[in-house]
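Novice: So the protein sequences, as listed, match chains A and B. For the first sequence, the working numbering begins at 1095 and goes up steadily by one. For the second sequence, the working numbering begins at 787 and goes up steadily by one.
One or more of the hints may lead you astray.
Unchecked claim - Covered stretches of chain B (in silico footprint by chain A; criterion: 3 or more residues with CB under 8 Å from a CB of chain A, positions within the stretch not fixed): (1) 793-804; (2) 810-817; (3) 857-866.
Said to hold, decoys possible - Some chain B residues well away from chain A (every beta-carbon gap over 12 Å; in silico): (4) Asn848; (5) Gly849; (6) Ser853; (7) Gln871; (8) Thr872; (9) Cys877; (10) Ala878; (11) Ser880; (12) His887; (13) Gln889; (14) Thr900.
Hints are computed from structural coordinates only; laboratory data are not their basis. Every value quoted in this text rests on a predicted model; they were computed, and no experiment measured them. Even glycine gets a Cβ: it sits at the ideal position worked out from N, Cα and C.
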Amino acid sequence: GDSVTQMEGPVTLSEEAFLTINCTYTATGYPSLFWYVQYPGEGLQLLLKATKADDKGSNKGFEATYRKETTSFHLEKGSVQVSDSAVYFCALNGGSSASKIIFGSGTRLSIRP
Amino acid sequence: NAGVTQTPKFQVLKTGQSMTLQCAQDMNHEYMSWYRQDPGMGLRLIHYSVGAGITDQGEVPNGYNVSRSTTEDFPLRLLSAAPSQTSVYFCASSYRDEGVHEQYFGPGTRLTVT
């Protein structure tokens, strides 16, 4: 079945560092891909999405490009802030999971001032 | 719009007790889902619904029941609570826009079973 694999955390960076969180997926057909963010004590919020190959999703300085050839959707940000500390989830919808969203296990990000 | 609301925020149960976690949305979304979140395991789908009167099992349905009598409400019932059901539970609703689901999550219910 469809699945999402993302890098293990926790990831700890200094403020203004460059961030990459890796995400790869397995799916039949052409899924849509998402990054969700969960701040402490809250539910998940959609951060960005991409619906077809080579699309780039972006929001709040974060970017991710849908790479069909490598089945990847890596999250990047050029200069992280303390307020970016959260858990980040990669997810997909579509393929054999048209009515469901499949989530990765999450990556905890901590930013040091 | 209130979005997706969940009650209660916190709950402690004894083993064997039953209870219902409430979830409601006011966005007229057809799809609703229940997830549990455990440390290191991300979100696991318990049950989902693609419309009023229609429900289906997710990845970890055992010990839970759902029903969807209205578009707005999607309660999750724990039939006989077990310590393994200690978790944070999230309800979500979504709509399909050009084939893409965009999910909206509630704030979660933290459940402890002793």
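Novice: Please settle this one: B/Gly849 was flagged as non-interface, so is its CB more than 12 Å from every CB on chain A?
Specialist: Given that every Cβ of chain A is farther than 12 Å from that of B/Gly849, nearest at about 20 Å, it holds.
Novice: Confirm or reject the statement that B/Asn848 sits farther than 12 Å, beta carbon to beta carbon, from all of chain A.
Specialist: With a cut-off of 12 Å, B/Asn848 remains clear of chain A, as the shortest Cβ separation is near 18 Å.
Novice: Would the least Cβ to Cβ distance between B/Thr872 and chain A come out above 12 Å?
Specialist: Per Cβ check, B/Thr872 is outside 12 Å of chain A; nearest 17 Å; holds.
Novice: So is B/Ala878 really clear of chain A, every C-beta pair being over 12 Å apart?
Specialist: B/Ala878 not clear of chain A: closest Cβ-Cβ about 8 Å, inside 12 Å.
Novice: Regarding the assertion that B/Ser880 does not contact chain A, is the least Cβ-Cβ distance greater than 12 Å?
Specialist: violated, 7 Å
Novice: Three residues minimum, CB to CB under 8 Å: does the segment 810-817 of chain B make the cut for coverage by chain A? Let me know.
Specialist: Three-residue rule not met by the segment 810-817 of chain B, so violated; n is 1.
Novice: In terms of beta carbon proximity below 8 Å, does the segment 793-804 of chain B have 3 or more residues touching chain A?
Specialist: Three-residue rule not met by the segment 793-804 of chain B, so violated; n is 0.
Novice: Per the stated criterion, does the least C-beta distance between B/Ser853 and chain A lie above 12 Å, as a non-interface residue requires?
Specialist: Correct as stated: the minimum Cβ-Cβ distance to chain A is 17 Å, above 12 Å.
Novice: Mind verifying the non-interface call on B/His887? Its CB should be farther than 12 Å from each CB in chain A.
Specialist: violated, 5 Å
Novice: Run the C-beta distances from B/Gln871 to all of chain A and say if the shortest one exceeds 12 Å.
Specialist: holds, 19 Å
Novice: Against chain A, does the segment 857-866 of chain B show at least 3 residues with beta-carbon separation below 8 Å?
Specialist: Answer violated; 0 residues pass the 8 Å Cβ test.
Novice: Once the closest CB in chain A is found, is it more than 12 Å from B/Gln889?
Specialist: The assertion about B/Gln889 is violated, with a minimum of 6 Å to chain A.
Against the hints set out earlier in the document, violations occur for numbers 1, 2, 3, 9, 10, 11, 12, 13.
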